[in-house]
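Start from chain X and add chains D, E and A according to the hints.
Chains as they are written, first to last, in the numbering used here: chain X, 1 to 384; chain D, 1 to 384; chain E, 1 to 384; chain A, 1 to 384.
Treat the hints with care, as some may be off.
[Claimed, not checked] Quick list of in silico lysine-lysine cross-link-like pairs, DSBU-like style, CA-CA up to 30 Å:
{"#": "1", "chain 1": "D", "residue 1": "Lys273", "chain 2": "E", "residue 2": "Lys273"}
{"#": "2", "chain 1": "X", "residue 1": "Lys182", "chain 2": "E", "residue 2": "Lys310"}
{"#": "3", "chain 1": "D", "residue 1": "Lys4", "chain 2": "D", "residue 2": "Lys349"}
[What the hints assert, rightly or not] Some chain X residues near chain D, calculated using beta-carbon distances under 10 Å:
{"#": "4", "residue": "Gly219"}
{"#": "5", "residue": "Val251"}
{"#": "6", "residue": "Arg378"}
No lab work stands behind these hints, which were simulated from the structure alone.
Remember, predicted model here, so these are calculated numbers, not experimental data.
For glycine and all other residues, C-beta sits at the position ideal for the given N, C-alpha and C.
There are 4 protein chains.
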Amino acid sequence: MNRKLRFGMIGGGRGAFIGAVHRLAAVMDGRAELVAGAFSADPTRSQLSGADLLLDPARVYGSYTAMARAEAARPAGERLDFVVIVTPNHQHFPPAKLFLEAGFNVVCDKPVTLSLAEARRLRTIVRRTKKVFVLTHNYTGNAMVKQARALVHAGALGRIRKVVVEYPQGWLSTRLEATGQKQAAWRADPKRSGIACCLGDIGTHAENLARYVTGLHLGSLCADLTTFVPGRLLEDDANLLLRYRGGAKGVLHCSQIAIGEENSLNLRVYGDKASLEWHQEHPNELVVKYADRPREIWRRGNAYVGAAAKKFTRVPAGHPEGYLESFGNIYLEAFRAIAAEVGGRPPPKDLDFPTIDDGVEGMAFIEAAVRSSRRGARWVRMPV
Amino acid sequence: MNRKLRFGMIGGGRGAFIGAVHRLAAVMDGRAELVAGAFSADPTRSQLSGADLLLDPARVYGSYTAMARAEAARPAGERLDFVVIVTPNHQHFPPAKLFLEAGFNVVCDKPVTLSLAEARRLRTIVRRTKKVFVLTHNYTGNAMVKQARALVHAGALGRIRKVVVEYPQGWLSTRLEATGQKQAAWRADPKRSGIACCLGDIGTHAENLARYVTGLHLGSLCADLTTFVPGRLLEDDANLLLRYRGGAKGVLHCSQIAIGEENSLNLRVYGDKASLEWHQEHPNELVVKYADRPREIWRRGNAYVGAAAKKFTRVPAGHPEGYLESFGNIYLEAFRAIAAEVGGRPPPKDLDFPTIDDGVEGMAFIEAAVRSSRRGARWVRMPV
Amino acid sequence: MNRKLRFGMIGGGRGAFIGAVHRLAAVMDGRAELVAGAFSADPTRSQLSGADLLLDPARVYGSYTAMARAEAARPAGERLDFVVIVTPNHQHFPPAKLFLEAGFNVVCDKPVTLSLAEARRLRTIVRRTKKVFVLTHNYTGNAMVKQARALVHAGALGRIRKVVVEYPQGWLSTRLEATGQKQAAWRADPKRSGIACCLGDIGTHAENLARYVTGLHLGSLCADLTTFVPGRLLEDDANLLLRYRGGAKGVLHCSQIAIGEENSLNLRVYGDKASLEWHQEHPNELVVKYADRPREIWRRGNAYVGAAAKKFTRVPAGHPEGYLESFGNIYLEAFRAIAAEVGGRPPPKDLDFPTIDDGVEGMAFIEAAVRSSRRGARWVRMPV
Amino acid sequence: MNRKLRFGMIGGGRGAFIGAVHRLAAVMDGRAELVAGAFSADPTRSQLSGADLLLDPARVYGSYTAMARAEAARPAGERLDFVVIVTPNHQHFPPAKLFLEAGFNVVCDKPVTLSLAEARRLRTIVRRTKKVFVLTHNYTGNAMVKQARALVHAGALGRIRKVVVEYPQGWLSTRLEATGQKQAAWRADPKRSGIACCLGDIGTHAENLARYVTGLHLGSLCADLTTFVPGRLLEDDANLLLRYRGGAKGVLHCSQIAIGEENSLNLRVYGDKASLEWHQEHPNELVVKYADRPREIWRRGNAYVGAAAKKFTRVPAGHPEGYLESFGNIYLEAFRAIAAEVGGRPPPKDLDFPTIDDGVEGMAFIEAAVRSSRRGARWVRMPV
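Bound-form chain X, shown alone (with noise of 0.2 Å):
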């Protein structure tokens, strides 16, 4: 395609976190550009925040539904190639819906869906419109994490035992919704947010990241979820014991009340021949463990690094990548979809990102982990 793809955001306006983050992780690569927007439900809001971003203020709306009837009405050469919706959770599923109906691509924050049945209902709908729908789980775009993939898949590992994955973070260890936090507000509120605070904010990409690598996929858990900031309506905490489909067990546990942990997403995979661990907060690198050889540690960027990680590198080893650039790489392969759709292709074979049934798992795990813990931490099975 010789032009870059034009989108436009639903949410993300000034005072939101993860649209600016969408903005960049899509523009760093010099292969889209956002050209529409609705911002906030606040029309003002919604126009400050598209000046902000040098929008023409035509193409900014004050709802999303004005937006997809005035951008579909747009001429070929103006249309949006896909939309990104960043709202919180209860306003996925409507846009998701409207602009997929209105043939847009999307591209949608996760938890994909306020619900399992709604999130089955999504994916009803994008296999019935055929657009391209991503699920940006953008932890799986890490280099390393590719890695660890391709290694898990090239049998390195042998049979996978055991798993150990955790997402610590402190922020929530006081009523932080309370001061009005805007982050805080939307998460901890059951009508905004669903049924699970905690683990639809991150518990669900530590489940998916597990899934990513190991290929593996629950077949049921136990889930003790606790509330300990006091008034606060969703839980904070979850530990949770874990039995994969095959014979592999795991401990997920995560929490928002973790003070002065930051975003420690780690990963731990055991194998009958071979470990690994990946720390979200040094991304760069992969430790790989043996019984009988020393431990070694693959960075990024080297030449003996495996091609689905090295199709994800930008700068050299040792010039570190982070985060904005595992969640670009999210949008690369999105982009390669995309294209293919706008331009009338059949999409690549070798597609790589989160999609519609990642979210569906992901949904049925939130909500299998909720009614194990409501029924006293009781094993439930994963809903198929």
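Relative to the frame of chain X, chains D, E and A by itself:
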């Protein structure tokens, strides 16, 4: 006391592991000397071991019963001040009982006995004989563990909300016990090891460490134990959810099949004011994390470290002390108690070593975990 | 400014390294767009590179002189706000002079010129034309480097006594330039690189970083340069003793033959009150060390971090920013200056990017080091 | 030898540091016992120290000359097998000479003497008396240092090109010697310490470690010594450029004013095939780096570690050994030599401890560095 304490050893002959550790830990500070031993049930092997250790052959025995008899008959100036029991688990209770009742102080390796019932019987004996009984949960001897405990007790962490303690090892990732390797053989044998392998060998260290630092006692737990290696008779992996009395939650996982892991006992404690973490493989550091100021690395041997840690410091900051020094710290405390007992003085008030009560609590933990797992990983209460 | 800044690029065609870095760093924040370029002296290659970058072919040139001529003639609404020079060293001065004198602002890669004399001439031109000139010593764009500088300036370290700065790499440990590898070929060629290879490529970053953080200027130095790889024409390793004006001492060593090192730029600064260290490969952390309290780990994105660092933070703590983000920070500051210049406003007072003065000081450093080494590694004064 | 070796100590009374280290290192493995000592030139203090150490008062002396006289007269069954000299530097040569000539084997702390001339005289005495003389450059006792040396000797690194060795400490960043602190007082006093403070105390360890691992000998050096703390009589900081015989280059820097540094002895060795690094504060690991495969972390106690390292391993992998264990390894080798000497057997062929030759080379290094610095930090040749 103006002489070295004299001790004898039960177990720890050629090919043993923990016996050599005890000997080194006991003598390193020049306060005790090994003078007798029943190192093996094979008299020849016991004599050879005694010769390795430069002992008088007359004080080397083919059985601990022979040793108890002969040593009890020695004159005061030669009499053992204590014995050290480093046999497999099934041989803890019988010699402990025998020597305590014969008037000797006892240092015993963990887990304290083969079963909770035995542990309780031993507790009765200890209380009745009024002899010193020391259980070598050696990691609690580490100076920075003591610093961690002091911080918790001083309220620096606030109210404890969450504990994550883990202890992965990889040395039993194949069926090593079938090769005749001595350490593996007895640990994987229910007759000598008891109802647990991984939990008894290392899980109990993890439980004890978390309890020592936080002062919290388990209320209930949910344990998923697995035997990954075909043909093995006991579990080699354990994942547990924990609920402490008072409301704190926790995760404990340990493994002997985590390939490439060595002895990676790690503790994280999260309070409502601050958090801490300690890693046994980097034992001279304690990480303290706050919501609102830089993370701190407390390092052994510095002037800012508190009295509890300073007391157990031999060399200046930056000169690493390790596993053996921590183990030796347990002995230094034991010596204070033993010297008082031998001298007919009341025990010091501030003794800091694991006791028979820790042993009982540790066995209760193991039995609860096994019971939970056998019931399908359901929650069970800790026996009081 | 209610539009993106427009820029063109000199160099950076297919197969180049630093051109792609500049493009990414310049556009990531959505404040600038690439619209023109003379990417290669080979017109075909330049056009192919322009096509890769989705540019209008009419604004892709086969030489920077053609570009200067054509772009100067564009109407105001299309006119370039700045050009970026990313050619080998010998092609810094000529285009910089040409574009500055044609009225364009300039961003230029380091080292600024081929020689100190050229750097001084360029300084005269910059002063005369009053255009913005930005030298991309990108590591000083890092948020935690800015925090380090702020701590030094606030007196937190007291009087600086010692600086240790090092920059080992290993990529030229064989005669890579003989294989046709483009990056190696020009750096090892005195005609294109100047009198130094390792010092010009990375040593000058180390000198600049130490100066930026400490505010200290070199008084004299003693340099031992070595060419380890047979057949190489320039040095590939350098060890220097430093004496700063005011009495601080220092060590600087850098290498391109340190096998297995990637981009290990590290800085340690020791004052009489505290010390700090920063590691480029773990750029989100700053270690602060004291005599009498725990070591601190300052981490990017936290509330306790100062204003100078906060300003250059895109994502929250624990979401690693890396090399490209730091590079982008240089551009964000450049944009403030360029927007003012383009808008006819005086430059902001608090601009924070490397200037032509840094370029002159960097070239003086390189020439002093080469002179010292040629004289048998004797001490030489830095030219004033 | 079927008994413990008997030793006496010169120096190391109450308030001393290194004496306690030697005692612990010597006895930890149960192969030696302290039976005599002249712990202080103050007879009362010496007796009190002896009592602390539970010694027979009859074998505690007020001077080493008295000790030499009395101990030489002991019957064979009580006779000292060796003495340990842990006095300040100026009191190394006199007792070493006295005891060697009286027929005792000697273990001596470093630096070996007060001057190079003295070291050479001592070498003559050692050769003439044929007694065992061991110099405790303790860091070379570390198992992973031995592994590093084995890798270099086996050619795994190829030809060595560059060595970076550093040893920053911060404990003398103020004028501690003026407060009466005993360790500082003698080290900063030229009469007791010699011509160097920082270089003699720690620089010589750095030089020795680099030489031990690489097998390279210095050809010439350029040293910039500084006294940062006002009123101090000797240097407290040193920066050196090194040229090894055979063409390798190096950097050595050490400091006692590097605030917040503890005992940060670090070694990096770069060859033309691979590189390695070792950090004293994390002594159980050795990092090996390659151009074309993942970085390796070799960890003490694993099966893949070579024989030279395995021999000096007491506990399994993951159970950290530290400073004292490394020190103890020097003693284990010393014991092999001493036992042979005492038993009238020829010394084992494969002894691995620092000798008087290392002492002479260390003193030559110190004197060359001081000479270089006094001449304005000019290059000087190492005396042969």
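(request) Of all the hints given earlier, name the ones this structure violates by number, lowest first. (result) 4
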